[in-house]
Amino acid sequence: MIGRLRGAVAEVGEEEALIDVMGVGYVVRCGSRTLSRLPALGEETLLHIESQWSESAGLRLYGFGTREDRRAFVLLQAIQGVGPKAAMAVLDVLSPAELASAVARDDKAAVGRASGVGPKLALRIVTELKDKPITDGPVLMTAPASASAPVKAKPAPTGDAVAALMGLGVAEVNARRVVEAAAARLGEEATVQQLIKAGLQELGR
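With the working numbering applied, the sequence shown has no gaps in its numbers, which climb one by one up to 217 at the end.
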């Protein structure tokens, strides 16, 4: 199985990237946080890969910027009811360090911010990740400053969405225009992925 890819960023989509490794293009599914941090098209990147095989979908590659992201993805999927999509959603709203902190504090609300993760699943995640090695660093018992504020007070993640669109080759001025329009339409709780999708739709008109 593939564990790591180093190559040039050939394409970036809403949920995946195409990585060119010596002329071979690998389709890698990534969360919006990872996609937004990829370098510009043509530049080299390194992704830590989790390979999964199923009869229906065949081989799928899931890519992460760090080993800790990949480890957290694997740990999350070991929990009943957490598939690749939900695990990606959790890591889009919480880094491994933030996830470890949330687990240590029994902060179900922080985990429940992930798209598609309800209160029961958030409780299961927090319960089953106890004492699991989510991160190599020290676990903070206090919530991040942003986590103490109501979710509605958080600004929409327009910066990451703009960066992702620029990675697709969209000019910065156009990327900012469509993302800001999408943020105004979708509201402050819009995720990076929703802003990217709405921005791409607007550009396609």
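Since the hints were made in silico from the structure, they are not lab data. In this text the structure is predicted, and so the values were computed from the model without any measurement. Errors might be hidden in some of the hints.
Below 30 Å or equal to it, Euclidean Cα-Cα: the simulated DSS-like pairs (lysine-lysine) are [said to hold, decoys possible]:
1) 144 x 209
2) 142 x 120
3) 144 x 132
Against the structure, the hints:
Of the supplied pair hints, the one linking residue 144 and residue 209 is violated, its CA atoms being roughly 34 Å apart against a limit of 30 Å. Using a Cα cut-off of 30 Å, the hinted pair residue 142 and residue 120 holds, with the two alpha carbons roughly 13 Å apart. For a cut-off of 30 Å, the pair hint linking residue 144 to residue 132 stands: about 20 Å separates their Cα positions.
In summary, the structure is inconsistent with hint 1 from the numbered list given earlier, while agreeing with all the others.
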